[in-house]
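S.K.: Sequence:
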Amino acid sequence: MLSFDNAMPVNGQEAAASAGRVQAAPSKTSQPTTTTDGACANGQARKHHHIWLVTGPAGCGKTTVAEYLAKSLDMPYIEGDSHHTPANVEKMRSGNPLTDADRWDWLTALRDESMRRINRGSEGVVVTCSALKRKYRDVIRVAAYYDHDIRVHFIFLNAPAEVLLARVTKREGHYMGPSMVQSQFDILERPAEDERDVISIDVSRSIEEVKKDVLARVSDITKAVCRD
1 MLSFDNAMPV NGQEAAASAG RVQAAPSKTS QPTTTTDGAC ANGQARKHHH
51 IWLVTGPAGC GKTTVAEYLA KSLDMPYIEG DSHHTPANVE KMRSGNPLTD
101 ADRWDWLTAL RDESMRRINR GSEGVVVTCS ALKRKYRDVI RVAAYYDHDI
151 RVHFIFLNAP AEVLLARVTK REGHYMGPSM VQSQFDILER PAEDERDVIS
201 IDVSRSIEEV KKDVLARVSD ITKAVCRD
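Just so you know, the sequence shown maps onto residues 1 to 228 in full-length UniProt numbering.
Derived from the structure by calculation, the hints contain no laboratory data. As the structure is a prediction and not an experimental result, all values here were calculated from the model. All C-beta atoms in this analysis are idealised placements derived from N, C-alpha and C, irrespective of residue type, glycine included. A couple of the hints might just be wrong.
To be verified - Label pairs and their computed distance ranges (CB to CB): (1) G121 - C226: 36 to 42 Å; (2) N119 - T169: 38 to 44 Å; (3) A101 - E209: 34 to 40 Å.
Stated by the list, open to error - Derived EDC-like pairs (lysine to aspartate or glutamate); straight-line CA-CA distance at most 20 Å: (4) K133 - D102; (5) K211 - D74; (6) K133 - D147; (7) K135 - E162; (8) K135 - D81; (9) K91 - D202; (10) K47 - D147; (11) K133 - D74.
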């Protein structure tokens, strides 16, 4: 992982990502004074800010779930696809998968924008990002190193490839075509057991069931963090 003073790569991450790193977050004057163990000296509950990453391959429902979650939590929504460079978009439109090198600047841009929204006063943000590999997720996790009041969470929308392929085939007007679904599954690294900041959601059910499940899990996590 990246530290404050050491710009070493994250799991093989190339220099492009570290070059886009944000500065340590400015102090928040409204925050209560805290002790060294994180408890508030004045007895108030410590304030945490949350970055909720809605992740998974094409067709899993990231946008639908993220928009619903952002509205329910009254948080800003960051659409990951809109932060791709024109070159990346054209590459995917042509059916060519992105490489690791194509993704580093995109990932750091999403991380930096999330932190900017929080530094401007937001309680948190909801972001869509495929985050197909662990090292991609690690890039976003660095946000918690820059600001210790930030908690990063990943909501992995999980479904078989054939389910997602059927959904993408019906989708109109999006540059991510059906051919890209299999290419994403080819490189997909499902969250490991030690990635405790990830919750997995079965999205082969109805979208209403999925949204209800996601909101309930997010609520449970938020309450647990408040008790920390």
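S.K.: Let me make sure I understand: some of the numbered hints might not hold for this structure. Which ones are they, in numerical order?
M.R.: 1, 6, 7, 9, 11
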